[in-house]
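Protein chains in written order, with the numbering used here: chain A, 223 to 527; chain B, 48 to 414.
Heads up, some of the hints might be wrong.
[To be verified] Straight-line alpha carbon distances no greater than 30 Å define the calculated DSBU-like cross-link-like pairs of lysine-lysine that follow:
{"#": "1", "chain 1": "A", "residue 1": "Lys358", "chain 2": "B", "residue 2": "Lys246"}
{"#": "2", "chain 1": "A", "residue 1": "Lys336", "chain 2": "B", "residue 2": "Lys249"}
{"#": "3", "chain 1": "A", "residue 1": "Lys358", "chain 2": "B", "residue 2": "Lys249"}
Hint data in this document are derived by calculation from the structure and do not stem from the laboratory.
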Amino acid sequence: MDAAIEVADLRKTYRGRRTGEVRAVDGVSFRVERGEFFGILGPNGAGKTTTLEIVEGLRRPDSGTVRLLGRSPWPHSPELTRRLGVQLQASSFFEFLTAREQIETFAALYGATKARAAEMLDLVGLAEHANVRCEKLSGGQQQRLSIACALVGDPELVFLDEPTAALDPQARRNLWDLMRGISAAGRTVVLTTHYMEEAEALCDRVAIMDAGRIKAVDSPAGFIRSLDAPTRVTVAAGQLADERVKELAADEAFAVDDGTVVFETRDPRRLLTALAVDGAMDGLAVRTANLEDVFLHVTGREWRG
Amino acid sequence: MSLDTAEARTGLPAGAGSGAFASLFKALGRGWIRDRSQIFFTILLPLMFMVLLASVFGGGDAAASRIVAVGDVAVLDGADPDDFTVTRAADLDEALAILREGDADAAVVQDGATVRIYPSATNSTSGAIAAGNLSALVDDVNVEVLSAAAPGTPVLETEVEEADGGALKPIQYLAPGILAWGVAIAGVFGAAGTIVDWKRDKLLRRLRLTPASVRTFLGAKVSVNLVVALGQTAVFLAVAALGFGLELSAWTWFAAPLVLLGTAAFLAIGVVIGGIAQTSPAAAGLSNLVTMPMAFVSGAFYPLALSPEWVQWLSYASPMRYLNEALQAVVVYGEPPTAVLPQIGFLAAFAAAVALVSWKTFKFDEL
Ligand SMILES: Nc1ncnc2c1ncn2[C@@H]1O[C@H](COP(=O)(O)OP(=O)(O)OP(=O)(O)O)[C@@H](O)[C@H]1O
Ligand SMILES: [Mg+2]
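With the hints as extra help, turn the sequences into a complete structure.
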């Protein structure tokens, strides 16, 4: 079977009178398998949206090729679009319609029933807000409605462009559950995000994108493993005697700051067992490497998402 | 709601095309009805204009001239009260003060055999009419006196026949013009505003990723605008006829295709404007910039025959001129559609030309 998405050497330069040339996408290649949850992680202006728009067939690349479910996304064909579900970065709704009218209109475009529309509204938790006009919904509710509209045609492949931007932490967690469900139903999902922990929590594989290029692609665990970074264990001040610190650290690195001890260890199990025996667990913190460290490592610069 | 979900999941293409059009038409139509500003621009504003202009130009029948008589004015004794309303002033100064306030059209003083008329300078048109009416009254009195003195001598009499089966009452003249203007602003502002909204909302972008074609969507949008134009025309003509005494000819129904054609032309203009403008205020400003001169030189509010020559020349470029002329011909004069074929031809050519320009210049990428 064809891959869900195959992209080879995409390039897109925006030419503005005032802004000059912006190389938004600069030689991007990747492949997404069917059923995969694929993330594109990058800071503002990395070129995530432009890449998605080219893959969806909304923009023509300057060069490069895209295969979407085995075909070219351009020109648009109903056979292809009815298999896609898309949530754009900016919610786009019909003006002055309620949530229900909105999704029923989209349902009709995909040839789906009103019952299906109601089911989707329920799925994203908007059943009680069905009769509220879209412009009166909160930002998070609009995002969820937008996702419901993306799902109403029962797509095989779903594109979500920063669905959790500007949501509060609780709403973000709810949306994570929703996205896990979408993926668990067997769909291929492509997600762009600013949030490390989001990519880590949801994606099978993540592409790290910066300045128009994909710097690396791997699973979150694979990234962290390959980073081969030590685990940092922080012990609160007054829990350990100085000699004991040296003993525990053995050959590994440690630092003391105002009494607080930070160990960097390759063997967290040994260290943590010893600390437990010592009864030095109060205020203990363990930090393993995460995608943030990966980003720093891969791009050579600090994360500022 | 009792439909089968399993079928929905398969997303059968059967019937999706017409269903898509119907649902888009419904969605866009609902949006239009719920948008108060649209209702205001399309329905209320033209009606307000009609009320305003109809009262400025008078209710239809020429009102009686308001005369201030200074002292005793014998010639007014025989005046028909339908033609003259007479008030009295003690002296000329008081009478002239009344004229200056605009409370009368002319003052009159009779000094033996001399009738001296002071037409209003404040309101020179009605002043001139009042002076004319007074002169005619004096002539009538003279004729009576002369006939009594020489009963055998024949006198000449004039009889005024009105052209076009009676002079146009102001409403007959104004209604087609205001309607043409209403259709123009609804089309231009509507299309320009919609396109700027689409640029902002990216709705078209989203719709391009559904199985429905963009053509279906644009077709639904244009259909909504055409239906709106028909509704606007029906409401306007009904109010003009019932509230303002507009007499509708038997050919009035032909206003429908005329308005549709006009709307097509104005929508095309709006699309060009919407392509240029990036924000709603810019779209509204540019729309004004186009519709105001277009209305000004169209003869819709002021007869072209009385306008300066350059206005008459410019009017040939204004699609409103043709819509106005055609509407006036069929609705007011009751001429058959064949009489307005030139206007229809101009409108159609104009619509086609502007549509072509909008198609060529439009940056679909921005939507
Ligand atoms: N329509 C456009 N015209 C000109 N430049 C553009 C346009 N859209 C995006 N850009 C520029 O291209 C670059 C990439 O933008 P893009 O929207 O793809 O980034 P992004 O990764 O999606 O960012 P964000 O996280 O903020 O959504 C940016 O520098 C942006 O300024
Ligand atoms: Mg983006």
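Against the structure, the hints come out as follows:
no.: 1; hint: Lys358(A) to Lys246(B); in the structure: holds, 21 Å
no.: 2; hint: Lys336(A) to Lys249(B); in the structure: holds, 24 Å
no.: 3; hint: Lys358(A) to Lys249(B); in the structure: holds, 18 Å
Of the numbered hints given earlier, the model fails none.
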